[in-house]
Amino acid sequence: MFLEIRIHGRGGQGIVTAAEMIAEAAILEGFYAQSIPLFGAERRGAPVSSSTRISESPIRRHSQVRNPHIVAVCDPILLYMKEVFDGVVDGTTLVINHKQEPQLKGFRVALLDATGIAVENGLVSAGWAILSTVIFGAVSKVTGVVSKGTVPKVIRSRWDGEAAERNVLAATAGYDGVKSW
Amino acid sequence: MIATGNHAVAHGVKAARAEVVAAYPITPQTQIIEKLSEFIERGDMRAKLLRVESEHSAMAACIGASACGARAFTATSSQGLLYMSEMVFWAGLGSFPVVMAVVTRTLAPPWSIWNEHTDILSQRDAGWIMMMCESVQEAYDSTLQAFKIAEDGRVRQPVMFGLDAFSLSHTSERLDPVEQQEADAFLPAPERNWKVLDVQDPTTYGNMAGPDIMMEIRHSIMERVKNSAHLIEEVALEFSRISGREQTGLVEGYKTSGAEVVLVVAGASSGDAKDAADTLREEGVKAGVARLRVIRPFPAEKIRETVQGCKAVAVVDRDYSFGCGGIIGKEVASATRARQFNYIAGIGGRDLSISDFMGVAKDALRRSEAGEEGGEIWWGTKRHQ
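For the record, the sequence lines run as chains A and B.
In this text, residue positions in the first sequence follow our numbering: the first is 1, and each later residue adds one.
In this text, residue positions in the second sequence follow our numbering: the first is 1, and each later residue adds one.
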């Protein structure tokens with residue numbers, strides 16, 4: 001088993017954290033995992049990406065993910081960027097934060113209103129919905145290797161108290177809410 | 001646990017019980033010091049954190065602390081390392097066993113925050129022992145080993161180790177720290193029985209040395225750095241025992257036995273080179289990898305043994321010496337008579353994939369078989385239109 005995931009979003013949405021949490025969850029499931037942020041434009045709102053690798057055997061490589069099996073897109077407007085589709089092949093699953101299914105032929109699309117879930121759980125900072133935990137939950141489900149019970153464990157290792165509980169609710173809603181792929 | 005390369009270094013420094021940390025922030029190193037500051041603030045680590053006004057002062061503070069017998073640590077990157085350079089040489093030529101993490105980053109101009117090794121290699125003549133890390137785990141393991149090597153009475157020279165910007169510094173991987181009592185047994189408190197600053201028995205540091213004595217001082221550093229090669233292997237072996245993880249001393253040979261082409265690499269891309277060697281072997285190309293874990297003392301003999309009998313040596317340099325060539329390429333060329341092709345690649349943080357390493361290995365083999373004696377190849381440079 002070797003799985004590569006790339007998350008596209010905007011600076012401030014929490015995609016580096018999401019990619020890290022996916023790796024952490026996979027490690028708890030007994031796999032080897034790694035998360036690699038693509039740094040550059042570390043500005044709020046700028047397009048950014050971050051990747052995760054999950055494997056049955058130790059991961060030695062440190063190059064960027066070129067052919068992701070799963071691509072998560074945290075802002076549907078980013079679907080107009082060619083970078084989102086770099087190295088994407090038939091069978092790549094797109095996890096898209098959107099209320100309606102975009103017209104994308106030839107891909108398996110998993111849909112999720114991540115922004116809605118984040119806002120419902122009060123995960124908003126400076127007017128921005130923080131999507132890290134919702135996307136973490138949704139992508140964890142799509143990987144097929146992270147069980148639902150592992151998701152709260154990862155979150156509670158990072159946050160305490162009420163913040164942890166709100167994020168657990170958001171991540172679980174993401175895990176359960178991701179539709180059809 | 002899961003940690004970035006930077007945080008792994010901080011955990012290593014905590015386990016090593018460093019007593020003085022002096023640093024100035026610079027991307028992509030800052031996380032190391034932020035984490036250490038967090039440990040100290042929470043009381044998980046007992047150390048003096050000095051927030052200095054520059055990297056030059058950071059190293060000066062570490063030298064002062066070290067002169068008093070304290071275990072001192074700092075971290076920096078690119079421009080910061082160059083600004084620190086006068087004091088880097090002072091630590092090396094003064095034999096102060098400071099430990100420093102260098103997150104390797106491209107030198108400006110133009111401004112860049114991405115990975116390149118020219119910054120750390122620019123300090124190669126400063127009398128420091130220099131290592132390069134391949135993984136998050138090795139960044140942690142090397143931190144503990146660095147203090148042990150630096151403080152050994154047979155060496156007593158500073159040690160720096162490099163982490164590739166972002167692809168190691170900010171990449172999260174599984175990290176298994178050693179138990180604190182194991183770390184303590186491996187690295188006891190520094191022996192302070194050497195000449196420390198003592199008002200009852202004053203000595204001076206930084207005095208002038210005339211032509212009658214300077215050569216002997218340098219000769220002594222030469223001998224200790226040279227002899228550290230043996231200690232580095234010894235310390236790696238000892239750490240393998242306590243950690244249960246096989247450690248690399250000077251050079252890691254991967255599938256080099258019977259190899260026709262050997263990729264010589266250093267740093268975080270080494271794993272990509274090994275994956276490339278695996279795929280090449282499946283395709284019937286006998287490829288291997290020689291990973292330089294140590295740059296100083298330069299492991300010439302180990303390299304010679306590792307590449308012996310191959311048709312082509314492909315040295316991949318993520319650095320450059322203008323008017324000369326790849327820095328590691330030139331050093332490898334001085335160590336072996338094998339046909340060597342020097343690939344300049346990944347400059348300014350350009351990503352090096354497994355297919356790049358496969359391409360490099362095949363290209364070197366093809367050139368060697370065509371009778372080329374060697375040469376320098378800029379790999380993947382875009383052609384001007």
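Just so you know, the hints here were simulated from the structure itself, not pulled from any lab data.
Warning: the hint list may mix true and false statements.
Over 12 Å on every C-beta distance to chain A, these chain B residues come out as not near it, computed from the model [to be verified]: (1) I113; (2) D272; (3) S353.
Heads up, incomplete: computed chain A residues facing chain B, CB under 10 Å, no partners named [what the hints assert, rightly or not]: (4) Q34; (5) S35; (6) T150; (7) G161.
Positions of the beta carbon are idealized from the N, C-alpha and C atoms, including for glycine.
Consistency of the hints with the structure:
{"no.": "1", "hint": "I113", "verdict": "7 Å, violated"}
{"no.": "2", "hint": "D272", "verdict": "4 Å, violated"}
{"no.": "3", "hint": "S353", "verdict": "5 Å, violated"}
{"no.": "4", "hint": "Q34", "verdict": "5 Å, holds"}
{"no.": "5", "hint": "S35", "verdict": "4 Å, holds"}
{"no.": "6", "hint": "T150", "verdict": "13 Å, violated"}
{"no.": "7", "hint": "G161", "verdict": "18 Å, violated"}
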